[in-house]
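2 protein chains.
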Amino acid sequence: MNASNSPDDSNEEEIIQYGLSDEVVQELQDAVEAGDADFLHAKLDDWHSADIADLIEQLKPKLRSTFLDIMADKIEPDVYSDLDENVRDDLVEDMEPAEIAAVITELEVDDAVDVLEDMEEEEQQEVLKELSAEDRAAVEEGLSFEEDSAGRLMQRDLIAVPEYWNIGQTIDFLRDTDDLPNEFYEIFVVDPRHHPIGTIPLNRAMRSKRDVAVRDIMDTEQKLIPVDMDQEEVAYLFQQYSLASAAVVNANGMLIGVITVDDIVDVISEEAEEDLLLLAGVSEDDLFENVLSTARTRFPWLLINLFTATAASVAISMFDATMEAIIALAVLMPIVASLGGNAGTQTLTVAVRALATKELTAANMWRILGKEMIVAALNGSFFAVMIGLIAWGWFGDPIIGLVIAAAMVTNILVAGTAGMLVPVTLDKLNIDPAVASSVFVTTTTDIIGFVAFLGLATIVLL
Amino acid sequence: MNASNSPDDSNEEEIIQYGLSDEVVQELQDAVEAGDADFLHAKLDDWHSADIADLIEQLKPKLRSTFLDIMADKIEPDVYSDLDENVRDDLVEDMEPAEIAAVITELEVDDAVDVLEDMEEEEQQEVLKELSAEDRAAVEEGLSFEEDSAGRLMQRDLIAVPEYWNIGQTIDFLRDTDDLPNEFYEIFVVDPRHHPIGTIPLNRAMRSKRDVAVRDIMDTEQKLIPVDMDQEEVAYLFQQYSLASAAVVNANGMLIGVITVDDIVDVISEEAEEDLLLLAGVSEDDLFENVLSTARTRFPWLLINLFTATAASVAISMFDATMEAIIALAVLMPIVASLGGNAGTQTLTVAVRALATKELTAANMWRILGKEMIVAALNGSFFAVMIGLIAWGWFGDPIIGLVIAAAMVTNILVAGTAGMLVPVTLDKLNIDPAVASSVFVTTTTDIIGFVAFLGLATIVLL
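For the record, the sequence lines run as chains Y and W.
This note's numbering applies: residue 1 is where the first sequence begins, and numbers increase by one.
This note's numbering applies: residue 1 is where the second sequence begins, and numbers increase by one.
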């Protein structure tokens, strides 16, 4: 945090221009290529670490280390915690353990753990060796918590005061202590066992007279976060109760850390991104991954899809005689499967999202399934009539129209059912519905679509 | 905010149990059905408004008004702002303008605007008439800002002090003023024209001695938010710079409001949800919408899909003679389209997300397209060999295997290209890539998949 008076208040327009423009990135990339240190130092002097991190991500990979060399000690360590994980891991790989340790020493513990957690065990140990005993203990404790748990998110620096203090003592304590957290929004009140018993928002503390007892103005209805709580659950708490910060407690109920809402902003983003990508069959954000890793993260879903598509083809092949007799069926069959797949994807996406936000529960599941059935019947009927007329007009046979219409209604109803039941069932089985729902639902609508259409045609038309 | 000492500190286990369990919802729903007011009043006495809102959402729709009647004045107005939009609109429809006005009076302006904005013009006017002149002016001003803009998100209540004050004066002002915002994290410093020139985080103010000038400890590097900035952009700012709160300025640069990070948490969630749903062809979260509205929101995408699927069928029909000659082609053709569609969806989802987070830009677009091509070539080659062998083994004809393999490589390369170029192009045209990318990409991979496979087969096999 910068408390000095920056002289650079002149360019108001630039203040409103957030993020990097393509021109600026191009200009800076050219400067890196030309090795123009003076230009880069001058230009990036007052940049926020997050913008510098973005710039590094935008640079051609081979220029990134060059850039870091040019900037050297003008780079704040925070840049490393703001970087995309893949880009950071690439850069850190090229650094000496002592260099990494120098960066980590300057970071908050949660950010330091972020940088270290993806390293190989051996290299991690070498970096840890370079840290001071105190830092090493803090980082090792951080690493001891499970990934994506509250323990990894929390900061250990916090303000806790005993319940018998008053506001004056609290303020004096804050003024006299040098080693305070950078940012905090509330003061925790603890009992002699160091259990949190209340909180005082800073603004309330500021408005209170010095002789007011902290006990008398604290909120006792605080939401405590067990240190092993999953970060998705932590994010839910912050959203649900509009929290600014919350105390983290260990298994004995002792106050051991604090999570603030700005850490949660990133978690919410990450979790929503994860669901978005998983639904599309991508296991993680791979924009900045190298080619091989990207191909690998995309591979499993395509492989599963190869099997499910082949299964659908096997279903089709049972009706090859029917198709040979009436080739129009082969022409029309993808329409039924395609619309079914889309209707199913709509339902399952709403369901996956509603499960994530805890809006879809056992209490309303059957009611919402019922609603989905009616929606499917409405849209299904409309599209059945449409496709029936198209098929009749196209191939001049009303029976083909009737067959495809019947198959369409069936498949859209199946889509609505599968779109609800598959994610709900996976969720009950403690499988992330975002991962596996799509493949189950679209395989179902493909196979049902083909079989309903070709099967009905076999019965009616042959 | 509750500053009293709650006697209910005994059940520590329940504190850790967040969110509503299915059993609790069932129990409470039964109580509503039985009209058991005493039970409900006792049980819900210390519930947070967000949990009561969740309970209302979980209740059968016909029980919701009953519940509100039973709870009557025991319901905090905040419950209304915590409710899902669809559920709230249903409930508000049944209320008298005076009742709605009574609720709105108790809400913060941004929440009041939320409740009012979806009402019909005429009803909105009737409610506004019931408000006090001051509240009406504030709400009308709120409504005058564009939906989803910073003006709708901001709170007008904030602490601004002149630059010539010192910390002592600031603290005395806070202590002596009754009508302060409920929650605030920083103090704004303004010049005589009421332009914001700096901010002081509360924790810094608390640690400073009374005689320190605010000018000397303020941060001047603040991020200002123009009142008409889109909320997605505002969310980006908060995330990028880890802001706790930020000043909102009007066109003249005057400080007119403040946005705090807890409002942003909801925006980030909403925007991510919007992208997720749009990619699946659902225009808004419709879990709590009624049947007709839900069918309507799902309809357009299915209609577009009907046309694109029919277009794909037309493409297939050009090769009906080929399929009649070799029915195996009809059996196999969905596999090529299906894998192409999936590969395309993977790429486009990563691209849509990266555009939203400003990680994919003009500066790195060609590089990342190049990467996608290599990924497609790698995975495409593998799956080409796989499906080639499957087809050969299945139909005993190596030429069919070669044809499907060639079509598969082609289609996965096309999928990678379209998956990148379609969202980037839409974004350049200022069309939300989340809305329209899927349909373009999957139509492309369907048609190319069918045409490449059947066309090649016509050339090679006939």
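Accuracy of the hints is not assured; some may be wrong.
Since the list gives no way to pick out one identical chain from another, each pair is judged satisfied if it fits inside one copy or across any two copies.
In silico DSS-like pairs for lysine-lysine, Cα to Cα no more than 27 Å straight-line [claimed, not checked]: (1) K358 x K62; (2) K129 x K209; (3) K62 x K209; (4) K43 x K358; (5) K129 x K223.
FYI, nobody ran anything at the bench for these hints, they're computed from the structure.
Everything numeric in this text was worked out from a predicted model, so none of it was measured.
Check your understanding: Which earlier hints can't be squared with this structure?
Key -> Hints 2, 3, 5 not satisfied by this model.
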